[in-house]
Structures are given as C-alpha cells and as structure tokens.
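Each residue of the sequence shown is one higher than the one before, starting from 6 at the first, in my numbering.
Possibly wrong hints are sitting among the right ones.
[Stated by the list, open to error] Here are the simulated lysine to aspartate or glutamate pairs, EDC-like style, with alpha carbons at most 20 Å apart:
1) 351 - 233
2) 246 - 410
3) 252 - 157
4) 439 - 527
5) 429 - 527
6) 158 - 180
What the hints contain is simulated information worked out from the structure, not anything from laboratory work.
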Amino acid sequence: MHSKKARKLFGKSVNFAEKIENMPLENFGTTVAAVELLAPARNASTAIAAIDHGADAVYMGASGHGARSQASNSIEDVRRVVCYAHKFGVRVYVTVNTIVYDNEIKEVESLIGELWRLGVDALIVQDMGILRMNIPPIPLHASTQCDIRTPEKARFLEDAGFSQLVLPRELSLEEIRSFRAATTVPLEAFVHGALCVSYSGDCQASFVLTGRSANRGECAQICRYKYDLEDAEGAKILRGKHLLSLKDMNRIDSLGDMLDAGITSFKIEGRLKDEAYVKNVVAAYSEALDRAILASGGKFRRASRGHARPSFRPDVRKSFNRGFTSYFLQAPAGAPARMASFDTPKWIGEEVGIVVRQPSPRQLVVRRNTTLNNGDGIGCFNEAGEYCGVRVNRVEGNTLYLASDISVPAGTVLYRNSDRNWSKLIDQSEGGRKIGIAMRLRGIADRIALEITDEEGLTVTHACECDFQIARTPQEDARRRTLSKLGDTHFELLELHDSLGDRFVPSSVLASLRREAVSLLENTCAARYTTGYRRAPAPGSGLLPSSAKLTRHDNIANSLAQDFYREHLVSQEPIPSALEVSPDAVKSDTRVMQTRYCIRRELGACLKTSSAGKLPAKLYLTSGATRFRLEFDCRNCRMNVHLDR
C-alpha cells in the first residue's frame, strides 16, 4: 500500500516504507496529515477483505440501529474485525446512524457500551440524542444523515463534540474548502458508489409512500422507480423513465484535488455490496490514493500500516455501476450535463459487440469487440426499452449459445455485466496484507540476540543462550530461510543484517528465537495501539442562533434530542418532531425530497438559461397512483419534490 522506500536501519538501506510516528487523524494541520481510505463492510469477512486490499478504516453495522438494516452484524463479528484491523492500525467505525425512538434509548445505550468495550474506534451517528445518552466516551462521527450543508452547521457539530464530519455528496471542491476553513476536525467525503438523489437525511419519500423510513435504515429506494414526466394538465412529456435514478459516483481521478481541498477521509459507499465489489473498488482507490499522496510532496501519509497486494489488476468499471458521474465536485463550471441514468437503475456493463443475426431463440451471431467467455452474463435493451439479460452457455467463434430464450433484432448493442474470468480472479484473491520488518541477528558472549524493527521504527529484542560452534559451510542463507518463515503472522522479512559470521546455530534455536521475538513485537504493537476519546463540547460555543428554526426535516425523534436543541439556544416550543413519530403531519403537499439534482437541468431546460422554454413551467412525476409536484428553487439551485394528492 505504501510505496516510499528510504528508511535507514542498522546502517543499511531497508526496502520498506518510510513511516512517521503514528499520528491520530485529529491532528489535521500538522506537517504531515494522516489520510484514510474508508471501506464499507456488510459483514466481518467483507471487512477483512477490505483491509487485505488496502483500506485504512472500515465501517460496518452492529446488531441494530444502522442506516442499512440488511447489513447488521453481531457483537462477535464486530469483535473479530476489531482484532484483525488493529494489527495494521486500521480503524473500525460502527454505524448507529438511525433516528432513535424514546423506547429504544436504553437499548442503544447498551449497544454502544458493548461496542466501546470491544475497542471500536468511533461511532457514526445521526441522532443528536446520542450526545445526551449515558454512554462511555467513545468518539462520535457525524453521519452524512446529519445533512451538514453549511460550514456553520459543520462548526456547530464540531463544537458539540463530534470528532469527524461526513460531508454531503453534493459539495463542490470550492465548498469543501469553505468547510475546511470553518472547522479543525477531519472531514470525510464519499468518493465512490451509489448516490442518493435527495440530500441525505432529508428524504421522507420512502416513509410517506411505503411506511419504510430511510432514517430508520429501511429505504424502499423510491428514487429508482420508473416515472412519467407530465405537465399540469397531465400530458405526458416522457414515459416510463427512471427520472430520479442517478448514476454512481466515481472520483478516483480527483483524490489529489480533494486532499488539497481538505478531505482526509475518503469514503466508499456500499455496505450492501458483495465482497468481490469491495475487493476491487478498495484496491483501485488504494492505488489511486497512494499516487495522490506521492504527488503531494510529503504533505500526507496513509493512516494505517502494512502493504496490501491484490492478485489482480483493479478496475472499477468491472464492478457494479450505473454509469459514472463525479456529481457536483467540479461545480459550477464543471457540473456534468448528465447525472442520471434514465433508462435503467441496473448495471448495464461494458459494450462488447453488436448482434448480426439470431438463428434461434438461444443463439446469437455477433460482431464482437472483445473476448467473451463461457458463463459470461450479457444484456441488451429490448424493443420496449427494458434492459434484459441472459447467461452465455458457450462461445464458438462469433456465435453465442444462450442459457434461455431471448429475442434480439440485428443491430442491437450487447453489453457484458458479468465477466466470468474476471469474477474468478476476484473470488480467488485473498489479497494479503503484510507489515515489513527488518531483523538484526548478533551474538553477545554466550547468547544470541534477534532484534526486529517494523515499518514505524518500533523495535523489540529477544535473546537466548546458545552454545556456538564454528560451521564448516557458510550459514547466512540457511539462517535467512529459518528467520523468513513467518507463517500466518502479519509480518514479512524485507531485510536481514546477520553478524554471526561462520558461527553455527541450530535451526531449532533460531526458530524458537524468531517465534519469541515476533510474539514480543505483536504484543508490543497491540499494547501501543490506542483508541481515542470523544471530544469535549467547546465551552461557551456550539450554540445555534436564538432565531434558529427547527423543522421536521431535522429528524428529532426522542426527548434527548429535544433537550440537546433546547440546550443550544433554540427558542422554539414545541420542538417539531420527525415525520416518523408524527405521521399525521403528512399533508397533501408534503415535501418529501430536496435535491441539488434538477430534472430541468438534466433535460437541458434550466430556468436560468434561454432553453427554459423546452419544458412547461409546471412539472409532475407520476408512477401509478403516486404523483409528485416538482418545485424549482433556482436561487439556491435546488429541486423540491412534493407529494401531490
């Protein structure tokens, strides 16, 4: 994972990464800032795979109260990840980022206590009530569900005691810089994966339509539905398009710009993604982050230690995606014209050829532009505009024999969204992560000593008695072989300085010496690792203006959250409750989404341009009995989606 190689130990040049004394992420602004690649994990095995493929931190759900209810994990699974991660200085963050009801407070307090005792490094939370719970001093990170849209809110949350802030996906580089100028804690930003069309934490569409709340980890993904676009009279402008379904984020080429803007935690979305996806995307971003750090001229370093070595060449285009967008990162000048994937929310895949003819329902003759394999998954858009897929049983030249019937006219473009050979490479990759060490072997009177130094300069020494004899043959190669046998430890020998000369040492003695010294190093590393503590609230600050007005969009769902806001000078009674605990507040014109994405801009009819007339002033989205009214807030460049019934 780390690529600089210039450390001097034992008077020799050692071939492992030059490291600096471990510096916590909170020390932003020091000469060399630690940066982390933060990977998602739906379960323990995925978390370990992410670590083995280059993650500096992982985030995962616990047994409940995470914003991905399908990605929960037992306490024992979290313990397993913590034990593995901390060997490499990798941090483990657990999501407790749903809103909490009053009758759940004791349960959440108990859960957080268990996570603290496991050694979890931080919790990612949304509910302000957690700051008033009876919990240990575990660090808290403000989830993207906190909807931190302004530098003022970011500063407020820092002063309230949060030690890391997850910024909205919608921010541009220039806006990120303004957040960096207003705060001192590390800033975290998404760089890859699925995009929510609404500002995170401010989407009630799923709850209003299905009773499943996104703020409770049960989003029904209303944004991926098909919609018709209509005018005020109900005339159809577009039919059956996924008008709110965004492409996936991809910022792999912008990590250096984001570093310069002030981001120190680079987050990959995907706690519902499988292990193959996580391996590939993490490996790709780990390599890219190393390049960005190298180009920084020494300003940054990776937050963890060890070298990840994937056994494949990572390529994010090979994993599930809906097409890519950098979203608003380069805005305003660089805002992409097309952010949405109107035709399908599925993964289309890479274009692989064109159909020449179809001799039978399970046979295609194609003009290929790449190699296809037995077992590949291919797909195309049918005459109704639907994306449909089929597995390839056998490839013979340009003829594909399919696993099921399909009707494909000549001239149809074919895509591959499942590459069997690639999948095998990923599945077989165990990655593997090792910390490079240097050894120094020497004799002291009637004793033999082995000194081991790791990448960060931590040194341990173990010695034992040895009855030296003069060897008849050279011994260095044999001693290196014995000392290199580090087995299933997380170390690898990169340099050996052997000063024993022609003295003979039985291999059993060397092996015992190695085991004891390595065990000592492991124990010392474990003892050296420390978790942090929650930031104390800033005295006399962290206050909202007395004129601040809260709304149901602040997602206040319990009495402790109400107390939090009362303590921060909100002169408002009663404090409004989240929609989830006051469903009767749903009206016929309830705003269910606020987005920075705009359908008018996507269709080339921005109201700020001369092309505004391409579309009627009033627009609606309909899907079956569901009807949304669109409101365009051009002053703030936002689109509001209202329930219309």
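- Task: Against the earlier hints, flag every one the structure doesn't satisfy and list their numbers going up.
- Result: 2, 3, 5
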